[in-house]
Amino acid sequence: WPSNYSNPTMPSNCNGTKFDDRKVYPHMRSKLKISWPDVESGNDTNFWEREWNKHGTCSERTLNQFQYFERSYEMWRSHNITEILKNASIVPHPTQTWTYSDIVSPIKAATKRTPLLRCKYDKNTQLLHEVVFCYEYHALKQIDCNRTAGCKNPQAISFQ
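67 is the number that the UniProt record's numbering gives to position 67 of the sequence shown; each next residue is one higher, with no gaps.
Careful: at least some of the hints might be erroneous.
Capping the alpha-carbon separation at 30 Å, the derived lysine-lysine pairs in DSBU-like fashion look like this [said to hold, decoys possible]:
#, residue 1, residue 2
1, K33, K86
2, K86, K108
3, K33, K120
4, K141, K54
5, K31, K120
6, K112, K33
7, K54, K31
8, K33, K54
9, K54, K123
10, K112, K141
11, K86, K123
12, K120, K152
13, K152, K123
14, K141, K108
15, K86, K152
16, K152, K54
17, K86, K31
18, K18, K120
19, K108, K120
20, K33, K108
21, K31, K141
22, K23, K141
23, K54, K108
24, K141, K18
25, K112, K152
26, K108, K152
27, K141, K152
28, K108, K31
29, K141, K120
30, K141, K33
31, K54, K120
32, K23, K54
33, K54, K18
34, K86, K141
35, K18, K33
36, K31, K112
37, K86, K120
38, K31, K18
39, K112, K86
40, K23, K33
Hints listed in this document are in silico derivations from the structure and should not be mistaken for laboratory results. Values in this document were obtained by computation on a predicted structure and should not be read as measured data.
Work out the full structure: start from the sequences and follow the hints.
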C-alpha cells in the first residue's frame, strides 16, 4: 500500500483509473498467481482488482497499474520470508505459538528492516496473516515500518 515514512497511514480509495484486467498481461498474471494469490477465496483477479482500486490508485502518480503489480512482484522476490522463518525454526504448526519478537527478529536480521506483522483471529487463536514491509514513497527503497497496529497479543501468534 502506498504510504510514506512521515505519514504512515494506509491511503485507500483514491480517485484514479479503475482496474483493467487486460493490463494484467499473461506473463504478469502467472507471476502474481505465485507471489500475490487470493488465499482466502481463490479468485485472484477479483482480489487484484480490489487491491488496485483500494490502494493502487493511490500510487498512480508514481506507478501505473502495470508498474504497481510489477513492483509488488519485485518486492515479493526481494526476500523469501518462508525461508527466513524456516531457518529460524518457525514453520507452520497446529499448536505451537511464537511471540511477535520471535517472528520479527529473524526477518529483521535478514532484511535489515523492521517489518509489521498482521494477524487474523479464528476463535481464540491469533493467526499470522501477513508480513508487511514498508517502502518509501516511490516504492523503491525499503524502510522500517513504524506502524503499531498488527497483532493484538504479542505473546501468542500461531503460524498454521
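We went through each hint and held it up to the structure:
1. Among the hinted pairs, K33 with K86 is consistent with the structure: their alpha-carbon atoms are about 22 Å apart, no more than 30 Å.
2. Between K86 and K108 the alpha-carbon distance is near 14 Å, which keeps this suggested pair within the 30 Å criterion.
3. With a CA separation close to 22 Å, the supplied pair K33 and K120 stays within the 30 Å bound.
4. A hinted pair counts as satisfied when its Cα atoms are at most 30 Å apart, and K141 with K54 qualifies at roughly 22 Å.
5. The hinted pair formed by K31 and K120 meets the criterion: a straight-line CA distance of about 26 Å does not exceed 30 Å.
6. Distance check on the hinted pair: K112 and K33 sit about 27 Å apart at the alpha-carbon level, within 30 Å; holds.
7. A threshold of 30 Å between alpha carbons decides the hint, and for K54 with K31 the separation of about 21 Å falls inside it, so the pair holds.
8. With a C-alpha separation of about 19 Å, the suggested pair K33 and K54 falls inside the 30 Å cut-off, and the hint holds.
9. For the hint linking K54 to K123, the alpha-carbon distance of about 28 Å falls within 30 Å, and the restraint holds.
10. Of the pairs offered as hints, the one joining K112 and K141 holds, with about 12 Å between alpha carbons and a cut-off of 30 Å not exceeded.
11. Simply put, K86 and K123 have alpha-carbon atoms about 26 Å apart, close enough for the 30 Å limit, and the pair holds.
12. For the hint pairing K120 with K152, the CA-to-CA distance comes to about 10 Å; that is within 30 Å, so the pair holds.
13. Distance restraint check for K152 and K123: the Cα-Cα separation of roughly 14 Å lies within the 30 Å cut-off, and the hinted pair is therefore satisfied.
14. Our distance criterion of 30 Å between C-alpha atoms is met by K141 and K108, whose separation comes to about 15 Å.
15. Note on K86 and K152: the hinted pairing holds, with a Cα-Cα distance of about 24 Å set against a maximum of 30 Å.
16. Taking the CA atoms of K152 and K54, the gap is about 24 Å. The hint holds against a cut of 30 Å.
17. For the hint linking K86 to K31, the alpha-carbon distance of about 23 Å falls within 30 Å, and the restraint holds.
18. Distance hint between K18 and K120 is fulfilled; the C-alpha atoms sit about 28 Å from each other, no more than 30 Å.
19. In summary, the hint linking K108 to K120 is supported, as the alpha carbons are separated by about 22 Å, within the 30 Å threshold.
20. Our distance criterion of 30 Å between C-alpha atoms is met by K33 and K108, whose separation comes to about 26 Å.
21. Using a Cα cut-off of 30 Å, the hinted pair K31 and K141 holds, with the two alpha carbons roughly 22 Å apart.
22. Our distance criterion of 30 Å between C-alpha atoms is met by K23 and K141, whose separation comes to about 25 Å.
23. Distance check on the hinted pair: K54 and K108 sit about 28 Å apart at the alpha-carbon level, within 30 Å; holds.
24. Restraint check: the Cα-Cα separation between K141 and K18 comes to about 26 Å, which is no more than 30 Å; the hinted pair holds.
25. Straight-line distance between C-alpha atoms of K112 and K152 comes to about 24 Å, which keeps the hinted pair within the 30 Å bound.
26. Annotation: proposed proximity of K108 to K152 holds, straight-line Cα distance about 20 Å (limit 30 Å).
27. Restraint check: the Cα-Cα separation between K141 and K152 comes to about 28 Å, which is no more than 30 Å; the hinted pair holds.
28. Using a Cα cut-off of 30 Å, the hinted pair K108 and K31 holds, with the two alpha carbons roughly 26 Å apart.
29. Using a Cα cut-off of 30 Å, the hinted pair K141 and K120 holds, with the two alpha carbons roughly 28 Å apart.
30. Note on K141 and K33: the hinted pairing holds, with a Cα-Cα distance of about 24 Å set against a maximum of 30 Å.
31. Between K54 and K120, the direct Cα distance comes to roughly 20 Å. Compliance with the 30 Å bound is thereby established for this hinted pair.
32. In summary, the hint linking K23 to K54 is supported, as the alpha carbons are separated by about 17 Å, within the 30 Å threshold.
33. Pair hint K54 plus K18 holds up; C-alpha atoms about 9 Å apart against a cutoff of 30 Å.
34. For a cut-off of 30 Å, the pair hint linking K86 to K141 stands: about 25 Å separates their Cα positions.
35. Pair hint K18 plus K33 holds up; C-alpha atoms about 20 Å apart against a cutoff of 30 Å.
36. A hinted pair counts as satisfied when its Cα atoms are at most 30 Å apart, and K31 with K112 qualifies at roughly 26 Å.
37. Between K86 and K120, the direct Cα distance comes to roughly 21 Å. Compliance with the 30 Å bound is thereby established for this hinted pair.
38. Distance restraint check for K31 and K18: the Cα-Cα separation of roughly 21 Å lies within the 30 Å cut-off, and the hinted pair is therefore satisfied.
39. With a C-alpha separation of about 18 Å, the suggested pairing of K112 with K86 holds against the 30 Å cut-off.
40. With a C-alpha separation of about 15 Å, the suggested pair K23 and K33 falls inside the 30 Å cut-off, and the hint holds.
Of the numbered hints given earlier, the model fails none.
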